[in-house]
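K.L.:
Assemble the complex: chain Z is given as a structure, and chain V must be docked to it using the hints.
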Amino acid sequence: MALRVDDLRVYYRTLAGDVKALDGVSFALADGEIMGVAGESGCGKSTLGKSLIRLDARMRYVSGSVALDGEELPIWDDAQMSAFRYRRVSIVPQYAMSALNPTRKIGRMVRELLRSRGVDADAKRPELERRLGLVGLSADVLDRYPIELSGGMKQRVVMVVSTLLDPSLLIADELTSALDVSTQKAVARTLVEFRDRRFVGSTIVITHDLSILYQIADTILVMYAGKVAEKAPAEELVSTPRHPYTRLLVSSLPQAGARYRERRLAGIPGRPPSLLDPPRGCRFRDRCPLASARCLEEPPVVEVGAGHAVACWEADAAPPPETRLQTAEAS
Amino acid sequence: MLRLERVSKTYRVGVFGSGRLEAVRDVSFEVRHGEVLSLIGESGSGKSTIGRMILRLLAPSAGTISLDGVDVATLRRGRLKEYYRRVQGVFQDPFSAYNPIFKVDHAFGLIRSEFFPGLSRDEWDAKLAAAIESVSLNPGDVLGRYPHQLSGGQLQRLLVARALLLDVDLLVADEIISMLDASTRIDVLNLLADLKERGLGIVFITHDLSLGNYLSDSTVILRRGRIVEMGATEKVFGDPRHPYTRMLLDSVPSLREKWTDVDGAPIVDGGGDDESDDEPPRLVEVAADHLVATP
Chain Z
0 MALRVDDLRV
10 YYRTLAGDVK
20 ALDGVSFALA
30 DGEIMGVAGE
40 SGCGKSTLGK
50 SLIRLDARMR
60 YVSGSVALDG
70 EELPIWDDAQ
80 MSAFRYRRVS
90 IVPQYAMSAL
100 NPTRKIGRMV
110 RELLRSRGVD
120 ADAKRPELER
130 RLGLVGLSAD
140 VLDRYPIELS
150 GGMKQRVVMV
160 VSTLLDPSLL
170 IADELTSALD
180 VSTQKAVART
190 LVEFRDRRFV
200 GSTIVITHDL
210 SILYQIADTI
220 LVMYAGKVAE
230 KAPAEELVST
240 PRHPYTRLLV
250 SSLPQAGARY
260 RERRLAGIPG
270 RPPSLLDPPR
280 GCRFRDRCPL
290 ASARCLEEPP
300 VVEVGAGHAV
310 ACWEADAAPP
320 PETRLQTAEA
330 S
Chain V
0 MLRLERVSKT
10 YRVGVFGSGR
20 LEAVRDVSFE
30 VRHGEVLSLI
40 GESGSGKSTI
50 GRMILRLLAP
60 SAGTISLDGV
70 DVATLRRGRL
80 KEYYRRVQGV
90 FQDPFSAYNP
100 IFKVDHAFGL
110 IRSEFFPGLS
120 RDEWDAKLAA
130 AIESVSLNPG
140 DVLGRYPHQL
150 SGGQLQRLLV
160 ARALLLDVDL
170 LVADEIISML
180 DASTRIDVLN
190 LLADLKERGL
200 GIVFITHDLS
210 LGNYLSDSTV
220 ILRRGRIVEM
230 GATEKVFGDP
240 RHPYTRMLLD
250 SVPSLREKWT
260 DVDGAPIVDG
270 GGDDESDDEP
280 PRLVEVAADH
290 LVATP
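The listed protein sequences correspond, in order, to chains Z and V. The first sequence: position 101 = 100 (numbering that gives the first Met the number 0), numbered continuously. The second sequence: position 68 = 67 (numbering that gives the first Met the number 0), numbered continuously.
It is worth saying that the hints were derived from the structure and are not from the lab. Beta carbons are placed, not taken as given, at the ideal position from N, Cα and C, and that holds for glycine. Keep in mind that the hints are not guaranteed to be accurate.
[To be verified] For lysine to any residue, the following SDA-like pairs were computed, each having C-alpha atoms within a straight-line distance of at most 25 Å: (1) K234/V / R262/Z; (2) K102/V / A305/Z; (3) K80/V / S112/V; (4) K102/V / G77/V; (5) K234/V / P92/Z; (6) K257/V / D276/Z; (7) K257/V / A255/Z; (8) K102/V / A233/Z; (9) K126/V / G143/V; (10) K257/V / K104/Z; (11) K257/V / G304/Z; (12) K257/V / P232/Z; (13) K102/V / A72/V; (14) K104/Z / D68/Z; (15) K102/V / G269/Z; (16) K234/V / P279/V; (17) K102/V / L142/V; (18) K257/V / R196/Z; (19) K257/V / A305/Z; (20) K102/V / A15/Z; (21) K123/Z / L164/Z; (22) K257/V / R262/Z; (23) K80/V / D104/V; (24) K257/V / R197/Z; (25) K102/V / L164/Z.
[Said to hold, decoys possible] Stretch by stretch, here's where chain Z covers chain V in the computed footprint (C-beta under 8 Å, at least three residues): (26) 212–219; (27) 247–257.
[To be verified] Interface residues of chain Z toward chain V, partial, derived using beta-carbon atoms under 10 Å: (28) S40; (29) S45; (30) P92; (31) Q93; (32) T175; (33) K184; (34) A187; (35) R188; (36) Q214; (37) Y244; (38) L247; (39) V249; (40) A257.
Isolated chain V (complex conformation):
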């Protein structure tokens, strides 16, 4: 459904834009209907930039992003509005996504005036109630409330409901549960799983490998803008081939086993920020649906 082909993004940085920061380098992948694809990486890996490019909040410097074969960059006006009917995003901070002086209904009102001006009051109310129920909330509990009266989990689920009002095919979820408490974050994850079962494609952007493992069908591991490993989640997590993926998986605090310590090893970051990586890596297929970057 959504396909990225050799997408790159370069930011100009520094005085007069003299410097160049390659945030995303030569990234290609595809998201199908009913598939959750995790983009996993540390800070600076380019994962959020990719999400923003899919949502057309940023334009790629090179490469194409296409939805059902149509280059997204060429869309204008009506066609662009159609695109947003099908592709929506939800972001990290639910508390700042709402205007605190309006009730949460306001966020839905904008969707109505923009996309459904012809709907009668009753039709709209029924549609809204259905969307809110589909994210496991009771419309009576949340409508007519102010954002500060609701929990982060409720607000975040309402934002998903807002996206669902528009018959979306693809949802870009950028760190949507990292600000939620442990007891509610799993509900939002389960909601995404249910939506996926109903055919929604999801780009799940996270730094948390356990969440990616829980939810996604396929996984893309990013490092400084490049894909280092990608493929079916059970292959990437079960049989990691790239040293960086292995290092990430080793560093994740798990509740199953403890970190194994190497005695006498110096305490330093495993990130290796200063390592040079000028060699353009190629993605090589090591097994069916499992690609690894090799220099």
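This is chain Z alone, in the form it adopts within the complex:
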């Protein structure tokens, strides 16, 4: 296992108390795996990504462990994490377009970045140019300022620079959400390409868009209210989801080509609970059509198939997806 996260808890400090954004999250990532993390806003998916690379001042590490290639990541210690950042764990931020220093030519910025990590910048230059060529950029961009490049070009520069030291783990947070569909496809496929060429070990792709994950991810982790709801191979998660939340989510997406005249989709009534004081037991309980008395107790994450884990008491009892989808539409 390239990455193993065990019972990770990271809270946000606010005046009203701790917001339990990440409340006992466990999962493992194989070497070379692209795992998508999906969920609604406020489910903790971005907190997960940030926790693995750098906790900001509002975030508080509470408990849990993260191991990368068998080595413990000291995510609670900003200074110690510095040795891992960029070399072993790297990130492509959400607004990659504004991640470049506007006062530096790109080549100089990369040189300074590499030097700060104790890497010989000149020795890396041929590799840098080769990888820029791979994403359709000439070496000339290194002599340009960020303002001279288009948004898509900057995004590609950031992807190449972030992965230049072949990190074991790359975190891509909402990488494609600000892009047009055509650029989105190119950027998403670049992630797969980088993995195939072993520029990065494993990748965590965080997005609210399940259909992008279906296209590029090997596995998908669905989060709900700070916890893992379901993790499964991408194909399986979309075709035969087991958690009621995943089922309702997948069946609410028009990306499957539905038209309302033929098949009217239904949303999920209600809204996620506040993470300041989350309810006991299953957190999806209030919105769940299958909720029973058992759900007052927290459901454990149970393996229901190869690489398919679900946190739901009713996952086994649930009728086949077809009937469920129809009930969801009727209600």
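P.N.:
Chain V only, in chain Z's frame:
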């Protein structure tokens, strides 16, 4: 009902307005009662500019926009107010559409003082409750609340309710669900579908092709201000003729089939920003209710 005829919009850009940006070029289409028309395009396609021109927030540089045969640009005062009674817009960000220091009722109060000063308290309350119920909300749940106490979906539906207070015939919905979560966005889409069934015309502006496909009767695909393809939604989506439309449809991440990869193809954007397009394309009818731009 609403007709755009050869509408163009040129912005002056750069120092002293020396540069010219043709945001919308020679666009014509019509929206009928009970019809949802999707304006689909990438950023810079001019889709929002068209919406703003329909709402008279911008004036066209050329061409006319008319509602039931009356040129919208000529409307003044009372006539303009009548226009806004019939045509309303809802925009992308529901969180910034409300004043956070007032309860959401405030947004409705403005409509009352502006358009219904003669209504008694009871009459107004009944009218408001009916409008809120028509967007599938319970008035008791939302009235008297502050914007931060409600979800994005609730706020967005309230904005639609606000438009409905004014017997609207046409709603311009500009990216109204792109900021909502997946589990609530479909409710807002279904609401638009219900309103359309009741005879409302909707201009649905989006960059998301799946949403346009779900909802709309007819589709207009825009690229850099020009129409590249338009017609009945099932024809544009089912039998796309223009290469740009095909490229867009190929790029959309679907949950039905995966992207097919061409081995060895270089990884570059499909957008083609630098392609020249000086040739004025003509829209040619390739089938009934299906027009495609051809050079």
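K.L.:
Hints first: check each against the structure and report whether it holds.
P.N.:
Cross-check of the supplied hints:
{"no.": "1", "hint": "K234/V / R262/Z", "result": "holds (18 Å)"}
{"no.": "2", "hint": "K102/V / A305/Z", "result": "violated (51 Å)"}
{"no.": "3", "hint": "K80/V / S112/V", "result": "holds (13 Å)"}
{"no.": "4", "hint": "K102/V / G77/V", "result": "violated (29 Å)"}
{"no.": "5", "hint": "K234/V / P92/Z", "result": "violated (39 Å)"}
{"no.": "6", "hint": "K257/V / D276/Z", "result": "violated (40 Å)"}
{"no.": "7", "hint": "K257/V / A255/Z", "result": "holds (11 Å)"}
{"no.": "8", "hint": "K102/V / A233/Z", "result": "violated (43 Å)"}
{"no.": "9", "hint": "K126/V / G143/V", "result": "holds (16 Å)"}
{"no.": "10", "hint": "K257/V / K104/Z", "result": "violated (38 Å)"}
{"no.": "11", "hint": "K257/V / G304/Z", "result": "holds (23 Å)"}
{"no.": "12", "hint": "K257/V / P232/Z", "result": "holds (15 Å)"}
{"no.": "13", "hint": "K102/V / A72/V", "result": "violated (35 Å)"}
{"no.": "14", "hint": "K104/Z / D68/Z", "result": "violated (35 Å)"}
{"no.": "15", "hint": "K102/V / G269/Z", "result": "holds (21 Å)"}
{"no.": "16", "hint": "K234/V / P279/V", "result": "holds (24 Å)"}
{"no.": "17", "hint": "K102/V / L142/V", "result": "holds (8 Å)"}
{"no.": "18", "hint": "K257/V / R196/Z", "result": "holds (21 Å)"}
{"no.": "19", "hint": "K257/V / A305/Z", "result": "holds (22 Å)"}
{"no.": "20", "hint": "K102/V / A15/Z", "result": "holds (22 Å)"}
{"no.": "21", "hint": "K123/Z / L164/Z", "result": "holds (9 Å)"}
{"no.": "22", "hint": "K257/V / R262/Z", "result": "holds (22 Å)"}
{"no.": "23", "hint": "K80/V / D104/V", "result": "holds (22 Å)"}
{"no.": "24", "hint": "K257/V / R197/Z", "result": "holds (22 Å)"}
{"no.": "25", "hint": "K102/V / L164/Z", "result": "violated (52 Å)"}
{"no.": "26", "hint": "212–219", "result": "holds (count 3)"}
{"no.": "27", "hint": "247–257", "result": "holds (count 9)"}
{"no.": "28", "hint": "S40", "result": "holds (6 Å)"}
{"no.": "29", "hint": "S45", "result": "violated (14 Å)"}
{"no.": "30", "hint": "P92", "result": "violated (20 Å)"}
{"no.": "31", "hint": "Q93", "result": "violated (15 Å)"}
{"no.": "32", "hint": "T175", "result": "holds (9 Å)"}
{"no.": "33", "hint": "K184", "result": "holds (4 Å)"}
{"no.": "34", "hint": "A187", "result": "holds (8 Å)"}
{"no.": "35", "hint": "R188", "result": "holds (6 Å)"}
{"no.": "36", "hint": "Q214", "result": "holds (5 Å)"}
{"no.": "37", "hint": "Y244", "result": "holds (9 Å)"}
{"no.": "38", "hint": "L247", "result": "holds (7 Å)"}
{"no.": "39", "hint": "V249", "result": "holds (7 Å)"}
{"no.": "40", "hint": "A257", "result": "holds (6 Å)"}
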